[in-house]
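Peer 1: Take a look at the letters that make up each chain.
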Amino acid sequence: DSGVTQTPKHLITATGQRVTLRCSPRSGDLSVYWYQQSLDQGLQFLIQYYNGEERAKGNILERFSAQQFPDLHSELNLSSLELGDSALYFCASSPQDRIYNEQFFGPGTRLTVL
Amino acid sequence: SQQGEEDPQALSIQEGENATMNCSYKTSINNLQWYRQNSGRGLVHLILIRSNEREKHSGRLRVTLDTSKKSSSLLITASRAADTASYFCASSLYNNYGQNFVFGPGTRLSVLP
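So the protein lines, in turn, are chains A and B. Using this note's numbering, the final residue of the first sequence is 127, and nothing's skipped along the way. Using this note's numbering, the final residue of the second sequence is 123, and nothing's skipped along the way.
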């Protein structure tokens, strides 16, 4: 158990809908990272927040957004969902802001868009 | 794409044998990390090697890094059935323009009892 929690574990929704994924980092970690894992795209870094501020951006679509709250939990919002958004979404956390430090991954949220 | 490549894509060996996985990347890096993922679950950090290091050991794991060839290898010695998983390398770059973290496509390792 990494200490990172993600909810929900599974999410099934329809095209065009909007969903919110939630992540709680390990106690004391200030950075939260979001990743998407799909069969065709592999594991892709989406975005990083550090102590409430956006710190790095990867291959995140404009339909997706994230934020980190004062209690350090983070939410990833996915809107206007398409079939291709079906994937595993992971969040990870680390103590520092540098992306090259070891990250601790949550169990993931499996999103299915029908 | 900044994504690197790993080979082989899949590897099947007998318990007790050694497993070697290779990773290539495309840009200069700060460090390279290896992660393990059991089917459909979260990734677990295995080892980190900095750009100024050439070799690192951790238990049955040995990682090498050749920055001139932009490649790394992960060796698992005396493999066990419990080592069956997918293994990913991840290269990280941090400079004045920002930072990025790129995973390779992974090697699926099967260790047969």
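Just so you know, these hints were derived from the structure itself, not from any lab. Take these hints with a grain of salt, some might be off.
Claimed, not checked - Footprint (simulated), chain A over chain B, 3 or more residues, beta carbon under 8 Å:
id, stretch
1, 62 to 75
2, 109 to 120
To be verified - Stretch-level coverage of chain A by chain B, calculated; a stretch enters the list once three of its residues show a Cβ under 8 Å from a Cβ in chain B:
id, stretch
3, 22 to 30
4, 68 to 77
5, 80 to 92
6, 98 to 111
Think of the CB as a built atom: it goes at the ideal place given N, C-alpha and C, for glycine as much as any other residue.
Peer 1: Within the stretch 68 to 77 of chain A, is the number of residues with a Cβ closer than 8 Å to a Cβ of chain B three or more?
Peer 2: holds (count 4)
Peer 1: Checking C-beta pairs, does the stretch 80 to 92 of chain A have three or more residues closer than 8 Å to chain B?
Peer 2: violated (count 0)
Peer 1: Count the residues of the stretch 22 to 30 of chain A whose CB lies closer than 8 Å to any CB of chain B, then report whether that count reaches three.
Peer 2: Three-residue rule not met by the stretch 22 to 30 of chain A, so violated; n is 0.
Peer 1: Under a C-beta cut-off of less than 8 Å, do 3 or more residues of the stretch 98 to 111 of chain A approach chain B closely enough to confirm the stated coverage?
Peer 2: holds (count 4)
Peer 1: Under 8 Å between beta-carbons, do enough residues of the stretch 109 to 120 of chain B, three at least, approach chain A for the coverage claim to hold?
Peer 2: Satisfied; 8 residues make the cut.
Peer 1: Examine the stretch 62 to 75 of chain B: at least three residues should have C-beta closer than 8 Å to a C-beta of chain A.
Peer 2: Since 0 is below three, the answer is violated.
The structure shown violates the earlier hints numbered 1, 3, 5.
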